[in-house]
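Q: Residues per chain are reported as follows:
4 protein chains.
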Amino acid sequence: MNIENNVELEMQEKVKSFANLMMMYGCAIREVKTKLEVLDDEFSVRYKRNPIATIKSRIKKPASIYRKLKKYGLEPTEENILTGLHDVAGVRVICSFIDDIYMVAALLANQDDITVLKVKDYIKEPKENGYRSYHMIVEVPVFFSRGKTPMKVEIQIRTIAMDFWASLEHQLRYKKNIENVEGHEEISAKLAECADTIAQTDRQMQEIKRMIGEFNDLS
Amino acid sequence: MNIENNVELEMQEKVKSFANLMMMYGCAIREVKTKLEVLDDEFSVRYKRNPIATIKSRIKKPASIYRKLKKYGLEPTEENILTGLHDVAGVRVICSFIDDIYMVAALLANQDDITVLKVKDYIKEPKENGYRSYHMIVEVPVFFSRGKTPMKVEIQIRTIAMDFWASLEHQLRYKKNIENVEGHEEISAKLAECADTIAQTDRQMQEIKRMIGEFNDLS
Amino acid sequence: MNIENNVELEMQEKVKSFANLMMMYGCAIREVKTKLEVLDDEFSVRYKRNPIATIKSRIKKPASIYRKLKKYGLEPTEENILTGLHDVAGVRVICSFIDDIYMVAALLANQDDITVLKVKDYIKEPKENGYRSYHMIVEVPVFFSRGKTPMKVEIQIRTIAMDFWASLEHQLRYKKNIENVEGHEEISAKLAECADTIAQTDRQMQEIKRMIGEFNDLS
Amino acid sequence: MNIENNVELEMQEKVKSFANLMMMYGCAIREVKTKLEVLDDEFSVRYKRNPIATIKSRIKKPASIYRKLKKYGLEPTEENILTGLHDVAGVRVICSFIDDIYMVAALLANQDDITVLKVKDYIKEPKENGYRSYHMIVEVPVFFSRGKTPMKVEIQIRTIAMDFWASLEHQLRYKKNIENVEGHEEISAKLAECADTIAQTDRQMQEIKRMIGEFNDLS
Chain A
128 MNIENNVELE MQEKVKSFAN LMMMYGCAIR EVKTKLEVLD DEFSVRYKRN PIATIKSRIK
188 KPASIYRKLK KYGLEPTEEN ILTGLHDVAG VRVICSFIDD IYMVAALLAN QDDITVLKVK
248 DYIKEPKENG YRSYHMIVEV PVFFSRGKTP MKVEIQIRTI AMDFWASLEH QLRYKKNIEN
308 VEGHEEISAK LAECADTIAQ TDRQMQEIKR MIGEFNDLS
Chain B
128 MNIENNVELE MQEKVKSFAN LMMMYGCAIR EVKTKLEVLD DEFSVRYKRN PIATIKSRIK
188 KPASIYRKLK KYGLEPTEEN ILTGLHDVAG VRVICSFIDD IYMVAALLAN QDDITVLKVK
248 DYIKEPKENG YRSYHMIVEV PVFFSRGKTP MKVEIQIRTI AMDFWASLEH QLRYKKNIEN
308 VEGHEEISAK LAECADTIAQ TDRQMQEIKR MIGEFNDLS
Chain C
128 MNIENNVELE MQEKVKSFAN LMMMYGCAIR EVKTKLEVLD DEFSVRYKRN PIATIKSRIK
188 KPASIYRKLK KYGLEPTEEN ILTGLHDVAG VRVICSFIDD IYMVAALLAN QDDITVLKVK
248 DYIKEPKENG YRSYHMIVEV PVFFSRGKTP MKVEIQIRTI AMDFWASLEH QLRYKKNIEN
308 VEGHEEISAK LAECADTIAQ TDRQMQEIKR MIGEFNDLS
Chain D
128 MNIENNVELE MQEKVKSFAN LMMMYGCAIR EVKTKLEVLD DEFSVRYKRN PIATIKSRIK
188 KPASIYRKLK KYGLEPTEEN ILTGLHDVAG VRVICSFIDD IYMVAALLAN QDDITVLKVK
248 DYIKEPKENG YRSYHMIVEV PVFFSRGKTP MKVEIQIRTI AMDFWASLEH QLRYKKNIEN
308 VEGHEEISAK LAECADTIAQ TDRQMQEIKR MIGEFNDLS
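Chains as they are written, first to last, in the numbering used here: chain A, 128 to 346; chain B, 128 to 346; chain C, 128 to 346; chain D, 128 to 346.
Read the hints as simulated data drawn from the structure, not as lab findings.
Okay, derived cross-link-like pairs now, DSS-like style, lysine-lysine, Cα gap no bigger than 25 Å in a straight line:
| # | chain 1 | residue 1 | chain 2 | residue 2 |
| --- | --- | --- | --- | --- |
| 1 | A | Lys175 | B | Lys317 |
| 2 | B | Lys187 | B | Lys275 |
| 3 | A | Lys143 | D | Lys187 |
| 4 | A | Lys197 | A | Lys245 |
One-sided and incomplete, this derived list gives chain C residues near chain A with beta-carbon spacing under 8 Å:
| # | residue |
| --- | --- |
| 5 | Asn147 |
| 6 | Met150 |
| 7 | Cys154 |
| 8 | Lys162 |
| 9 | Glu164 |
| 10 | Val165 |
| 11 | Leu166 |
| 12 | Val172 |
| 13 | Arg173 |
| 14 | Leu234 |
| 15 | Gln238 |
| 16 | Asp239 |
| 17 | Val269 |
| 18 | Phe270 |
| 19 | Phe271 |
| 20 | Lys275 |
Cβ coordinates follow ideal geometry from the N, Cα and C atoms, glycine included.
I would like the entire structure built from these sequences, with the hints used as guidance.
A: So, in structure tokens, the structure goes:
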């Protein structure tokens, strides 16, 4: 066998092992989703309400993984992906109310097979552009044929309104590398303003929910 | 065979034919959902965006069907359900933006196998309590083993924000037959107020979307 | 508050706590399904094949739970359901090949959060009527808001052919309480005969798979 | 703008228009699936049984489309795909019993918006290698934003046993370009043999179903 063949074989091995790694992150997402669905089922039956409106998930695209590793000055190896990146597997939990966000986060953090590695509360301290969301990096065990493996998952928890805002902001950011800076700044300003209206709506809805709840307890 | 047996047989027949009828409405929902998914797929590929965020559906519960027939002074027969009720099959379409609502409605109305029986635009003219939504009653053909059958479906189209408001309002209305009128009125007032904040948010988001779009066209 | 009210309240409490219990079994099913899906994902990527063709699940109907408790001479209490019954939550795994059955069973049994309570191998020793399937009773931890709870789940693992046979046999058994014993016996005999043809098919397919595999390894 | 830019723009246009075409085939699959689900729902409620066990679907991969066009001596244009290929969109219907295959086929063929372009009955006349299945090429209308478009879909209808056999045969064919012809031929012979055992099983199961049915009618 000559050198060329060796290189090709090595390439094939790398592609295969990358696919395995992505599969492992996909399975970690399955585990986190199941944990969330169990909690939502329980609340639905025990308290007649669903704290979770929707669960979405995504695995980071190869190009984004590569870019992020480069940004951190890391070689694109399996080892560096596993240890250096925290958001290859992402789960987004959309709640109806602000207090559900903190409840879901606390219930997950309390499970003895989950390790919380990091928390960032962008609801208490919104980003400058208006972004609001609760972020957790957790480690969850996944049972593969060769044994139990801890996998990292980023969980973002936010209200319907925060999610709606974020999706618009994402569309804008996506077009960032465009010259017309003036138009861009005007939209950014509008978006920041809108983020405030949305936060206000969330607080109003939370307040109404509280009132309906109290009202209910009285009667 | 005696009278008692006859009565029982008749009862069994009625139960069976009611189940058939509900199955038929369920299939009508499948057809409408497919039409909506086709439109959303097309927009997703052709214009890189999804006008529809979620599609939900429900079949009216037997008790609600019975109550509504009674309210209209109609006997609970299959015939009366088919001709007298328009919302046994219900599909709810949640859009991101107000202009998507009108686009989806127009695209459905234009399909030559759909007959629009009635339209109510509660966005242009909100209900007194603040309710906003676009309602259509359509008739859609469904192919059963015995042939093509036109079935009625109520389609409600609204934004994410309108939907969120409606779900809270529904929770409140559900507790309506409760004495503490004062608390109830206070919450109703709050909800009406909140409906305005939400409508304002929808207009802001629509405006930002328009600006991003223009911005995009320029560059 | 009088006695009648007390009785009614007690009834309501029982209904609610039964619903909670069934929800808990439903969540245990979710956990087992996720474990199976993870294994299938892994094989799909790592070995380019899916050992599992389908996963089905069911929760035992209240009437069946009641009948089984009665048969065992147990009162219909929550405690007796949890300790006395093993098949309230049922998961059925349909595999393509016989050896996949044993592999899936072994991989589950090896997971350190699963306890295998009982195994019955109706493939090695088929029932008299021809029934073939591998049964496991396992205990799996589920994380509810109040903490981790071990729940029992019955897992039945069988090939597509065994499953097909069982569904026909089930249809027949369902009509058991019918007088025409002669016809019944004739069909039972035919079914037992057919079970043998099916077992033979499974062995042939397994053999072909083995040959394709070897063939593959050689080249 | 120079020539290079023109070429690139043209390429981009082609990629986009190919994606649109594949989306259209995907929507045609949605329509056919809905038609099948409606029929299965109806039978499930009206006759308490499901003629359809599973529905699978796939869109032909770009590489396969290209190869097939080349084989037919056609240029890879959108027009040639639409007129020259019949199996870009494929739906596979898995039935429990042989007679369900013919019933499903007849019910589809009878729907006045479906045009049957071609039928091949590989059950009555199996392929030499043992392949059994009922194939239909149909044209079904799909409602896009620009109007109703007829789209071609290939529908393959077969029993569970036929499907199982075909999946094994597919695995073998996949490894065809391998030298060890001897081993290959031995497996092919085994597969052909197994196809007969499977056809026999299907006939036995069909016969038992018929007997259960009659048995039922008598009592």
